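Undergrad: Take a look at the letters that make up each chain.
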Amino acid sequence: MTLSGPSLGTRETLSSIQSSAATPPRPRRFGAGKVISWVVFLLAMLYFFLPLLATFDFAMKAKPEWAAFTNTFKDAKFFGTLLYSFTIGLITIVVSTLIIVPTAYWVRLRLPRLRPIVEFVTLMPFVIPPIVMVFGLIKSFSKGPLPLAASDQGNHVLLVAAYTILSFPYMYRAVDSGLRTIDVKSLTEAGQSLGSSTFRILWSVIFPNLRIAILSGAFLTLAIVIGEFTIAVYLNRPAFGPYLQNLGQNKSYEPAAVSLISFGLTWIAMAFIALLGRTSQGRGGGQVEVGGAH
Amino acid sequence: MTADVATISEPGASMARPARRRFSWSFLGVLPFFLFTLVFLVFPVGFLILGSFQDSANGNALTLGNYADLTTPTVARAFSNSIEISLVTAIMGAVFGLLLAYAVILGGLPKFLRTFMMTFSGVASNFAGIPLALAFLFTVGNLGLVTVWLKSTFHIDLVNDLGFKILSKLGLEIVYLYFQLPLMVLIIAPAIDGLKKEWREASENMGASPRQYWQYVALPILLPSILGCTVLLFGNAFGAQATAYQLTSGQIPLVTLLIGAQISGDVLHNPGLAYAMAMGMVVIMGVSIVLYSILQRRSERWLR
Chain A
1 MTLSGPSLGT
11 RETLSSIQSS
21 AATPPRPRRF
31 GAGKVISWVV
41 FLLAMLYFFL
51 PLLATFDFAM
61 KAKPEWAAFT
71 NTFKDAKFFG
81 TLLYSFTIGL
91 ITIVVSTLII
101 VPTAYWVRLR
111 LPRLRPIVEF
121 VTLMPFVIPP
131 IVMVFGLIKS
141 FSKGPLPLAA
151 SDQGNHVLLV
161 AAYTILSFPY
171 MYRAVDSGLR
181 TIDVKSLTEA
191 GQSLGSSTFR
201 ILWSVIFPNL
211 RIAILSGAFL
221 TLAIVIGEFT
231 IAVYLNRPAF
241 GPYLQNLGQN
251 KSYEPAAVSL
261 ISFGLTWIAM
271 AFIALLGRTS
281 QGRGGGQVEV
291 GGAH
Chain B
1001 MTADVATISE
1011 PGASMARPAR
1021 RRFSWSFLGV
1031 LPFFLFTLVF
1041 LVFPVGFLIL
1051 GSFQDSANGN
1061 ALTLGNYADL
1071 TTPTVARAFS
1081 NSIEISLVTA
1091 IMGAVFGLLL
1101 AYAVILGGLP
1111 KFLRTFMMTF
1121 SGVASNFAGI
1131 PLALAFLFTV
1141 GNLGLVTVWL
1151 KSTFHIDLVN
1161 DLGFKILSKL
1171 GLEIVYLYFQ
1181 LPLMVLIIAP
1191 AIDGLKKEWR
1201 EASENMGASP
1211 RQYWQYVALP
1221 ILLPSILGCT
1231 VLLFGNAFGA
1241 QATAYQLTSG
1251 QIPLVTLLIG
1261 AQISGDVLHN
1271 PGLAYAMAMG
1281 MVVIMGVSIV
1291 LYSILQRRSE
1301 RWLR
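Quick mapping for you: the protein sequence lines, in order, are chains A and B. At position 171 of the first sequence the residue is numbered 171 (this note's numbering), and the sequence of numbers has no breaks. Every position in the second sequence, counted from 1, becomes a number in this note's numbering once 1000 is added.
What the hints contain is simulated information worked out from the structure, not anything from laboratory work. Check the hints yourself; a few may be wrong.
Result set (BS3-like, lysine-lysine): computed pairs, CA atoms no more than 25 Å apart in a straight line [as the list claims (entries may be wrong)]:
| hint | chain 1 | residue 1 | chain 2 | residue 2 |
| --- | --- | --- | --- | --- |
| 1 | A | Lys-61 | A | Lys-77 |
| 2 | A | Lys-74 | A | Lys-61 |
| 3 | B | Lys-1165 | A | Lys-61 |
| 4 | B | Lys-1165 | A | Lys-251 |
| 5 | B | Lys-1151 | A | Lys-61 |
| 6 | A | Lys-74 | A | Lys-63 |
| 7 | A | Lys-63 | B | Lys-1151 |
| 8 | B | Lys-1111 | A | Lys-34 |
Covered stretches of chain A (chain B as the covering partner; in silico rule of three or more C-beta atoms under 8 Å from a C-beta of chain B) [as the list claims (entries may be wrong)]:
| hint | region |
| --- | --- |
| 9 | 99-111 |
| 10 | 128-134 |
No experiment lies behind these values; they were computed from the predicted model shown. Idealized CB from N, CA, C, for every residue including glycine.
Full structure from sequences and hints, please.
TA: Rendered as structure tokens:
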């Protein structure tokens, strides 16, 4: 978040100067605006936090106290599915990074003409919703030369593939803005004059310089993957999203506890992104947009 | 660089050869990306496109019948429901999101609230699907916190007195706003930040009232952004599936739910029709993304 803050300071002093001089209505207008802002903000907070409070309240109705949480933590499936989604998320991040970093690097350095095409492709997840993506994957990979959807292993592959494509917009944006802040051309030329291969330059020069950008894309990917439901359920994977859905059908209080935990996990991922953005200050971390799997 | 050396050493017909060699090499760098998308994106979507033009009951003969069948009542209703809900939540999300973003950015609230709101928006716009649907069931569902509280304190029955049901379009819209509103805050924030304070000062110096400033300066500048973001919110809601799946268990037919049901079992009794539905979705999403990028480009003329 490198965006400069609002210019309140100046305006406040300006209006106070003016008000002390001649025009009294101005500070009152400013006050009214502030009140409205507070009202809007507090109403929004009510809307945002009431469901969380209600969920917590519901979870606490289980007897004995905290039972919804302790039962959850005793449930092997909870950890199993969480671990599965986490692992799939990590694999997705690795695959996505290995594909996106060289691509973004090449596009920036050698193939600027391909930029619109690459950008267009990375935006495809916004055009092709998850339900359509999984539909296409199941139908096209159930028969033929690559019957991935027919086997258990194959479905793991399809899940990672789908998530990798989902991660493209975030990864590409993060990496590309990271590349913008380092002098790719000079670094590459320096590497070349020291006799490095392109692979070596990518691995020991470009990757380390993009660490923060990649990490912020990675956390967002992780947040999306862990909560994802649509693709996982139709590929019949033992992931966290389908587990929670199943729990919601069969238990009463535990789903509330798991929902809160899931919210907490998303919050942790986002906090890390914000933290990275703050430490990087324009080094290409920062504000990454959203729009996960609803 | 090789090109530079070449032009110096033999300044004539040298450009072509190194340039071509460079091209063939550089193509290798983006090859994994394009191969991956070819296999896992183009191939599956191509499969759907092809299927949407085939008559599965008639030996996969080419047909436009699947697209004509989109007008069958079940399918048409799913599309109209999806479009209606997406439109309503996009407009509501845009209006309230704009207000909220303005309040935390320029409204004179303490600065840490802005940071908090931005991080929270990142979380909330990703907090969707199953847990979100459950959270709202616990809030305004039959045994929800608000439902019970209204009944015990004010003797108001949400369902019987106010006619509110979570299993309705309105209920779904209220839930969708939970991720629409924060998304609006996130994507409109740069535009609000882009409003230069000089513009406001200039208009104040020329004696403009706040209303005039908004009417003639700020809103016209923000308008392409606002419209673009609204379009993006529309697409965001249109593609949503998990939230509705959990909340309505299919009682409100939406396009995404119908396609999902078709994957689980051939509910439409026509595979081709499902392909055509998927294509219909892609077209609508595609149009909204194109509109968004056009509007976004327009807004960049003034902002930054």
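Undergrad: Next step is simple, just say for each hint if it's right about the structure.
TA: Hint by hint, here is what the structure shows:
1. Lys-61(A) x Lys-77(A): 22 Å, holds
2. Lys-74(A) x Lys-61(A): 18 Å, holds
3. Lys-1165(B) x Lys-61(A): Cα-Cα ~23 Å, so holds.
4. Lys-1165(B) x Lys-251(A): 22 Å, holds
5. Lys-1151(B) x Lys-61(A): 18 Å, holds
6. Lys-74(A) x Lys-63(A): 15 Å, holds
7. Lys-63(A) x Lys-1151(B): 24 Å, holds
8. Lys-1111(B) x Lys-34(A): 13 Å, holds
9. 99-111: Check passed, 9 qualifying residues.
10. 128-134: Three-residue rule met by the region 128-134 of chain A, so holds; n is 7.
The structure is consistent with each of the numbered hints, conforming to all of them.
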